[in-house]
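Novice: Working from the sequences, and respecting the hints, build out all of it.
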Amino acid sequence: MSSVTRLRHVLPLLADVVAATNALDAKVIKAIDEAKSAGLPQGLLAAILNAHAHAETHVKVVEFQREGAVALRGR
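When we follow our numbering, the leftmost residue of the sequence shown carries the number 106, and every step to the right adds one.
In silico DSBU-like pairs for lysine-lysine, Cα to Cα no more than 35 Å straight-line:
(1) K165 <-> K132
(2) K135 <-> K165
(3) K165 <-> K141
For each label pair, taking beta carbons as the anchor points, the in silico distance ranges come out as:
(4) A158 <-> K135: 17 to 25 Å
(5) L119 <-> P146: 36 to 44 Å
(6) F169 <-> K141: 29 to 37 Å
(7) N127 <-> A174: 33 to 41 Å
(8) A143 <-> Q170: 32 to 40 Å
(9) H163 <-> L129: 13 to 21 Å
(10) V123 <-> T162: 20 to 28 Å
(11) D130 <-> V166: 17 to 25 Å
(12) G144 <-> A174: 44 to 52 Å
(13) K141 <-> A174: 38 to 46 Å
(14) A125 <-> A152: 23 to 31 Å
(15) D138 <-> G173: 36 to 44 Å
(16) G144 <-> F169: 33 to 41 Å
(17) S142 <-> G173: 39 to 47 Å
What the hints contain is simulated information worked out from the structure, not anything from laboratory work.
Quick caveat, the model's predicted, so the values are computed rather than measured.
Glycine is no exception: its CB is placed at the ideal position from the N, C-alpha and C atoms.
Specialist: Right, dumping it as structure tokens:
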């Protein structure tokens with residue numbers, strides 16, 4: 106994995122961003138553990154997480170496209 110670049114080495118993050126990221130990570134881990142304990146199949150769990158990631162990506166792409174369209178209209 107020597108070709109993997111970690112963001113924390115490239116761009117230092119603010120302490121509050123690091124804290125929020127760590128809190129999010131801990132909550133996701135806890136939710137995954139609880140879902141597994143409840144008997145949720147791992148494939149379904151992976152599909153749910155992937156769907157949420159896809160939805161968030163879509164939101165950001167749409168926001169970016171709208172901002173670009175507004176910037177182009179302002180020229």
